[in-house]
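Using the sequences provided together with the hints, build the complete structure.
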Amino acid sequence: MSFPCRAFAPQAKTVPSLLTVLEDTHARAKGNCYTDYSFHMLVGHPGEQALSEFPRLRDLGISSLKIYMTYAALQLRDDQILDVLLASRKEGITTMIHAENGDVLNWMTKKLEERGLYAPKYHATSRPQIVETEATNRAIALAELMDAPILVVHVSSPSAAAHLRNAQTRGLPVYAETCPQYLFLTRADLDKPDFEGAKCVCSPPPRESAHDHDAIWLGLANGTFTVLSSDHCPFMYEDREKGKKSILSDEYPEGRFSGIPNGCPGIETRLALTLSANRLPLQKFVEVTSTNAARLYGLYPQKGTILPGVSDADLTIWYPPGRLGSFKLTNSMLHHNVDYTPFEGMELNQWPRWTILRGQVVWDRDGGGLVGTKGYGQFVSRGKSTLPGPRKSGDWDVSAF
Numbered sequence: 001m002s003f004p005c006r007a008f009a010p011q012a013k014t015v016p017s018l019l020t021v022l023e024d025t026h027a028r029a030k031g032n033c034y035t036d037y038s039f040h041m042l043v044g045h046p047g048e049q050a051l052s053e054f055p056r057l058r059d060l061g062i063s064s065l066k067i068y069m070t071y072a073a074l075q076l077r078d079d080q081i082l083d084v085l086l087a088s089r090k091e092g093i094t095t096m097i098h099a100e101n102g103d104v105l106n107w108m109t110k111k112l113e114e115r116g117l118y119a120p121k122y123h124a125t126s127r128p129q130i131v132e133t134e135a136t137n138r139a140i141a142l143a144e145l146m147d148a149p150i151l152v153v154h155v156s157s158p159s160a161a162a163h164l165r166n167a168q169t170r171g172l173p174v175y176a177e178t179c180p181q182y183l184f185l186t187r188a189d190l191d192k193p194d195f196e197g198a199k200c201v202c203s204p205p206p207r208e209s210a211h212d213h214d215a216i217w218l219g220l221a222n223g224t225f226t227v228l229s230s231d232h233c234p235f236m237y238e239d240r241e242k243g244k245k246s247i248l249s250d251e252y253p254e255g256r257f258s259g260i261p262n263g264c265p266g267i268e269t270r271l272a273l274t275l276s277a278n279r280l281p282l283q284k285f286v287e288v289t290s291t292n293a294a295r296l297y298g299l300y301p302q303k304g305t306i307l308p309g310v311s312d313a314d315l316t317i318w319y320p321p322g323r324l325g326s327f328k329l330t331n332s333m334l335h336h337n338v339d340y341t342p343f344e345g346m347e348l349n350q351w352p353r354w355t356i357l358r359g360q361v362v363w364d365r366d367g368g369g370l371v372g373t374k375g376y377g378q379f380v381s382r383g384k385s386t387l388p389g390p391r392k393s394g395d396w397d398v399s400a401f
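The numbering of the sequence shown is UniProt numbering, which starts it at 1 and goes up by one.
Please keep in mind that the hints were generated in silico from the structure rather than gathered at the bench. No residue lacks a Cβ here, since even glycine has one placed at the ideal position from N, Cα and C. Mixed in with the good hints, there may be bad ones.
Calculated lysine-lysine pairs in the DSBU-like style (CA-CA distance at most 35 Å, straight line) [stated by the list, open to error]: (1) Lys30 to Lys284; (2) Lys374 to Lys242; (3) Lys328 to Lys374.
Cβ-Cβ distance ranges computed for the label pairs, FRET-style [to be verified]: (4) Asp79 to Tyr376: 41 to 47 Å; (5) Asn337 to Pro55: 33 to 39 Å; (6) Glu208 to Arg56: 41 to 47 Å; (7) Asp194 to Asp79: 44 to 50 Å; (8) Lys111 to Glu208: 16 to 22 Å; (9) Leu218 to Gly389: 25 to 31 Å; (10) Pro16 to Gly345: 43 to 49 Å; (11) Trp318 to Ser52: 43 to 49 Å; (12) Asp194 to Arg28: 23 to 29 Å; (13) Ser399 to Gly375: 23 to 29 Å; (14) Ser332 to Ser381: 35 to 41 Å.
Shown next as structure tokens:
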């Protein structure tokens with residue numbers, strides 16, 4: 001099964017209106033997509049105007065937004081997070097949260113740079129698990145105060161996952177996402193020679209060892225993680241102006257980890273890596289890669305399932321087990337507009353045979369590869385999440401405390 005790609009409509013701190021940002025993002029996407037798509041609003045300036053536009057966002061088919069607890073250009077204070085959660089709760093919008101303590105990691109970065117430690121590997125040092133764990137616990141506390149559903153995105157830390165699991169067992173509408181980089185990469189990948197480690201710089205960073213991987217796999221299997229996404233955020237490696245190597249200079253010949261563009265490509269490799277690992281039952285694989293996302297983001301049952309007369313005919317069809325044998329992943333196999341994959345050389349045994357979008361074959365591995373038409377993808381208006389929401393009905397009431 002498949003579901004639309006979801007991109008972000010990003011609001012900068014200097015832009016008061018979300019609707020303006022959404023309109024601009026629609027204009028860029030229209031006629032340019034091979035797959036169906038929708039948008040998460042990225043809220044960087046939750047002022048009076050932006051918050052007043054939440055009802056209109058729902059009318060326009062936007063039922064999720066993302067906020068940050070880090071990055072100077074995006075980081076919100078706790079009171080701003082509460083404002084967003086209150087407005088989102090009222091409109092049935094799911095709030096996604098990037099949970100890292102921005103103040104602490106900035107302090108860690110300063111201390112590392114004071115000692116002249118600039119190499120890519122120190123990106124992981126500046127963001128230890130406690131930075132993610134504290135922010136995750138704080139996000140849960142704020143969501144519990146507001147009785148508002150949240151999704152904590154791209155979780156890498158087993159300790160953070162334990163806090164999420166605890167919140168879920170207490171009945172809170174707290175959901176979690178993880179990504180392949182936290183199943184297949186470790187911080188050692190950031191220490192590759194000749195600046196190659198920059199290819200794996202993402203936030204949160206890959207963690208210490210296979211033991212961390214095992215804990216994240218367990219979280220996928222036991223339901224702690226609702227969705228397995230890609231956090232696809234690509235930058236060209238060789239680009240000296242905007243890419244990973246843009247930070248190289250005479251002053252910083254080995255780079256400066258705090259200035260390396262954060263993010264990795266991963267949208268095309270997500271499913272094949274996960275299925276090839278053979279660590280999830282097929283039903284769970286479908287659940288975390290398709291069905292749950294459709295439910296969480298208000299697409300179900302149009303997407304994420306196969307119901308005659310109801311669902312779009314979206315399917316990913318795989319080869320029978322063993323048909324492909326073992327082969328190495330290389331960037332030359334991929335169709336993303338990026339000059340590397342962080343998963344280069346990893347062993348795979350699966351790849352999609354066909355991908356079908358609304359009944360039309362758009363990918364045929366043995367018959368031409370990408371056979372879809374640019375512009376066939378269309379915007380999908382989304383409703384409210386069908387996963388459990390606030391535990392109490394009615395408006396949130398501060399006097400109830």
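List in ascending order the numbers of the hints, as given earlier, that are violated by the structure. Result: hints 12, 13 break, sorted rising.
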